[in-house]
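Each chain, letter by letter, is given below.
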Amino acid sequence: MGREIKLMQGNQAISEAAIYAGARFYAGYPITPSSEIAEICSRVLPTIGGIFLQMEDEIASIAAVVGASLAGAKAFTATSGPGFSLMQENLGLAVMGEVPCVIVNVQRAGPSTGLATKPSQSDIMQLRWGRHGDQTVIALCPASVRECFELTVKAFNFAEKFRVPVILAPDEIVGHMRESFEVPRAGELEIIDRKKPSCPPDQYLPFEAEVDGIAPLAAYGGDHVFHITSSMHGPNGYANNNPQNASWRVEQLHRKIDLHRDEICLTKTFDTEDMDVLMVTIGATTRSGRAAALEARKRGVKVGVLQLLTLWPFPEKEVAALARDVDTVVVPEMNYSGQIAGEVQRVVGTEKEILRVNRYNGTIITPRDILESILESRSGQSVRAGG
Amino acid sequence: MTHATGTKYLKNGMLPHMWCSGCGIGILMGAMVRAFEELEYTNHETVVVTGIGCTGKLDDYLTTNALHVTHGRALPHATGVKAFNPRLKVVVIMGDGDSVTIGGNHLIHAARRNIDVTAIILNNFNYGMTGGQASGTTPEECITSTTSFGNPEREIDICALAEVAGANYVARQTPYHGWELKENIKEALNKKGFSLVEVVSPCPTHFGKNNEMLEAREMLLWLQEKSLPVEKYRKLGVGEKKDYFAVGTLVDRNAPDFNTRYEEIRKRALEL
Ligand SMILES: Cc1ncc(C[n+]2csc(CCOP(=O)(O)OP(=O)(O)O)c2C)c(N)n1
Ligand code: SF4
Numbered sequence: 498m499g500r501e502i503k504l505m506q507g508n509q510a511i512s513e514a515a516i517y518a519g520a521r522f523y524a525g526y527p528i529t530p531s532s533e534i535a536e537i538c539s540r541v542l543p544t545i546g547g548i549f550l551q552m553e554d555e556i557a558s559i560a561a562v563v564g565a566s567l568a569g570a571k572a573f574t575a576t577s578g579p580g581f582s583l584m585q586e587n588l589g590l591a592v593m594g595e596v597p598c599v600i601v602n603v604q605r606a607g608p609s610t611g612l613a614t615k616p617s618q619s620d621i622m623q624l625r626w627g628r629h630g631d632q633t634v635i636a637l638c639p640a641s642v643r644e645c646f647e648l649t650v651k652a653f654n655f656a657e658k659f660r661v662p663v664i665l666a667p668d669e670i671v672g673h674m675r676e677s678f679e680v681p682r683a684g685e686l687e688i689i690d691r692k693k694p695s696c697p698p699d700q701y702l703p704f705e706a707e708v709d710g711i712a713p714l715a716a717y718g719g720d721h722v723f724h725i726t727s728s729m730h731g732p733n734g735y736a737n738n739n740p741q742n743a744s745w746r747v748e749q750l751h752r753k754i755d756l757h758r759d760e761i762c763l764t765k766t767f768d769t770e771d772m773d774v775l776m777v778t779i780g781a782t783t784r785s786g787r788a789a790a791l792e793a794r795k796r797g798v799k800v801g802v803l804q805l806l807t808l809w810p811f812p813e814k815e816v817a818a819l820a821r822d823v824d825t826v827v828v829p830e831m832n833y834s835g836q837i838a839g840e841v842q843r844v845v846g847t848e849k850e851i852l853r854v855n856r857y858n859g860t861i862i863t864p865r866d867i868l869e870s871i872l873e874s875r876s877g878q879s880v881r882a883g884g
Numbered sequence: 038m039t040h041a042t043g044t045k046y047l048k049n050g051m052l053p054h055m056w057c058s059g060c061g062i063g064i065l066m067g068a069m070v071r072a073f074e075e076l077e078y079t080n081h082e083t084v085v086v087t088g089i090g091c092t093g094k095l096d097d098y099l100t101t102n103a104l105h106v107t108h109g110r111a112l113p114h115a116t117g118v119k120a121f122n123p124r125l126k127v128v129v130i131m132g133d134g135d136s137v138t139i140g141g142n143h144l145i146h147a148a149r150r151n152i153d154v155t156a157i158i159l160n161n162f163n164y165g166m167t168g169g170q171a172s173g174t175t176p177e178e179c180i181t182s183t184t185s186f187g188n189p190e191r192e193i194d195i196c197a198l199a200e201v202a203g204a205n206y207v208a209r210q211t212p213y214h215g216w217e218l219k220e221n222i223k224e225a226l227n228k229k230g231f232s233l234v235e236v237v238s239p240c241p242t243h244f245g246k247n248n249e250m251l252e253a254r255e256m257l258l259w260l261q262e263k264s265l266p267v268e269k270y271r272k273l274g275v276g277e278k279k280d281y282f283a284v285g286t287l288v289d290r291n292a293p294d295f296n297t298r299y300e301e302i303r304k305r306a307l308e309l
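Top line first, the protein sequences correspond to chains A and B. Position 130 of the first sequence, counted from 1, bears residue number 627 in this note's numbering, the numbering being contiguous throughout. Position 255 of the second sequence, counted from 1, bears residue number 292 in this note's numbering, the numbering being contiguous throughout.
Just so you know, these hints were derived from the structure itself, not from any lab. None of these values were measured; they are calculated from a predicted model. Some hints here could point you the wrong way.
Restraint ranges, calculated between C-beta atoms of paired labels, are given here [stated by the list, open to error]:
(1) Ser609(A) x Pro176(B): 30 to 38 Å
(2) Gly546(A) x Glu75(B): 29 to 37 Å
(3) Leu686(A) x Thr167(B): 43 to 51 Å
The beta carbon of each residue, even a glycine, is placed where N, CA and C say it ideally should be.
Please build the complete structure, drawing on both the sequences and the hints.
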């Protein structure tokens with residue numbers, strides 16, 4: 498049976514993929530440009546045995562998601578900018594308590610209320626460092642409606658497999674874009690469910706990692722009774738402030754991601770076999786970047802593109818390998834501070850030039866913006882882009 | 038008949054507990070586990086959700102399922118647990134800071150939503166854990182470590198708030214009334230929909246010390262003196278009422294709870 502081709506909005510693809518991945522609980526608070534996800538879930542979840550809750554704010558939304566996940570649900574929430582800021586404290590709880598869940602942050606321009614609803618890629622560092630304390634998370638960023646679908650399924654799989662919160666962070670352009678794509682058939686994409694304890698209930702330790710770095714997770718109401726806490730805790734889930742235990746816990750939270758980083762770090766490359774210039778892109782900027790790269794080749798500048806689908810953990814190895822033999826690395830991104838460029842610089846070292854192309858006015862970076870920057874940097878003089 | 042001790046819900050090796058002598062939290066815990074025993078709660082069907090504070094440490098001593106969360110956010114976490122698995126017995130333990138100060142909005146909406154959880158709130162008029170600062174329930178004029186010259190703000194009435202927000206069951210007791218407290222907790226646990234028990238309690242270490250109630254005994258006697266069974270309290274004139282507070286069952290009604298309503302809506306969605 499062939500796949501069905503559907504015209505879909507990015508946010509719709511995220512909602513449908515979440516349900517495809519097994520999500521049966523959504524709690525959220527409305528905010529543009531993410532609200533379509535809540536609206537779709539409110540219509541679909543009741544018809545498939547799930548629960549939709551509109552909570553009183555984003556703090557409560559992620560709290561309810563954590564609670565439902567521990568009761569056994571694949572659970573998620575969606576928000577944007579200000580709402581994502583409000584979620585940070587309980588996102589830290591999900592890290593500490595090792596609670597699988599997915600948070601969609603459709604990135605919009607700030608600071609604060611900022612250019613409400615307008616696109617941006619300026620939450621890159623907030624995704625990684627928005628919470629207090631030593632911790633790490635997984636964050637993914639799609640560039641097309643198809644990728645919205647695929648990465649949402651990945652996000653749930655990573656959350657379930659590694660017992661972590663996973664953040665899916667499309668920019669507003671991708672969240673609101675409409676494209677047709679072949680929707681994966683039921684059973685076509687791999688769906689991962691969390692590891693359940695197989696030991697007798699009286700021996701269950703909810704934070705005792707197995708060789709793969711991950712501890713099995715029971716669900717409230719089953720035979721295995723357990724404690725989850727935001728406080729420092731031992732393998733049994735009870736509070737434990739012993740220094741040795743605290744080091745072990747913090748290391749464990751990092752180790753389970755580090756151990757599996759090759760599986761987690763997703764990238765795509767375009768024309769990187771023969772290039773003089775490497776372009777590193779994320780989200781919607783990938784689309785402008787690829788158009789600019791093709792145009793540059795017509796003008797004799799060999800540009801290759803590395804698209805980062807995983808933002809965190811940062812795909813350092815992948816960037817380093819491709820950046821080694823080029824003279825210039827270009828990083829277009831929709832923020833002022835060069836949040837991706839800074840990471841790329843950290844990886845390639847300060848000797849290599851990073852050509853930064855930034856926009857932070859709520860409009861997309863065009864292929865021409867990028868092309869002009871590349872040509873200018875190659876010739877030392879301004880070149881007008883064609884078209 | 039042997040009386041329930043509730044000890045089977047207490048974790049071996051964790052006692053003595055962390056609370057100061059004279060604190061009311063231990064009495065609250067005792068009443069709660071006795072109520073569990075009399076209602077034959079099992080560890081695996083029970084989830085105790087706690088916030089942050091001296092009161093929020095209560096889950097440390099329990100053998101039931103537990104979820105110890107962030108300050109003020111116990112109710113929305115509990116809402117997620119209960120909404121997804123309505124068969125669970127979900128009990129939420131919070132201080133006054135947790136429940137009606139930082140987390141006040143969640144209390145209003147948990148009551149309005151009528152989610153079938155039982156909130157047990159220990160009101161010691163201040164933030165015990167962090168050194169006795171003022172909270173939303175610190176009475177006007179009282180001295181705390183952040184209102185050294187008297188509190189300029191008015192206090193909130195937890196039970197009245199829960200009532201107007203839509204709770205199905207609201208009761209108030211004190212550690213002086215151990216038996217009645219256990220009975221009210223049982224009624225709350227048995228009630229479908231949002232139920233709340235406020236436990237007005239001594240914090241001799243901070244609030245008591247600052248407000249001439251240094252001795253736990255004095256504070257317990259003060260609780261005895263100031264509390265009136267609700268039937269008596271309601272007969273008082275307006276002027277007299279301000280010197281007392283009512284204990285007992287204050288609200289008892291049977292509006293359909295969230296999960297019941299959700300299933301009705303689900304049926305409608307499936308019929309379309
Ligand atoms: C977001 C946040 N703000 C502040 C604190 C610090 N804090 C810990 S406990 C507490 C107050 C506790 O008071 P209450 O809820 O009344 O409980 P009690 O200690 O009196 O039992 C505060 C402010 C915190 N943990 N988290
Ligand atoms: S500080 Fe107050 S609330 Fe905390 S344990 Fe001591 S008496 Fe109880």
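Hint check:
Remark: the range hint 30 to 38 Å for Ser609(A) to Pro176(B) is upheld by a beta-carbon distance near 37 Å. Our hint of 29 to 37 Å for Gly546(A) and Glu75(B) holds, since their Cβ atoms are close to 34 Å apart. Evaluation of the 43 to 51 Å hint for Leu686(A) and Thr167(B) yields a pass: the beta carbon distance comes to about 48 Å.
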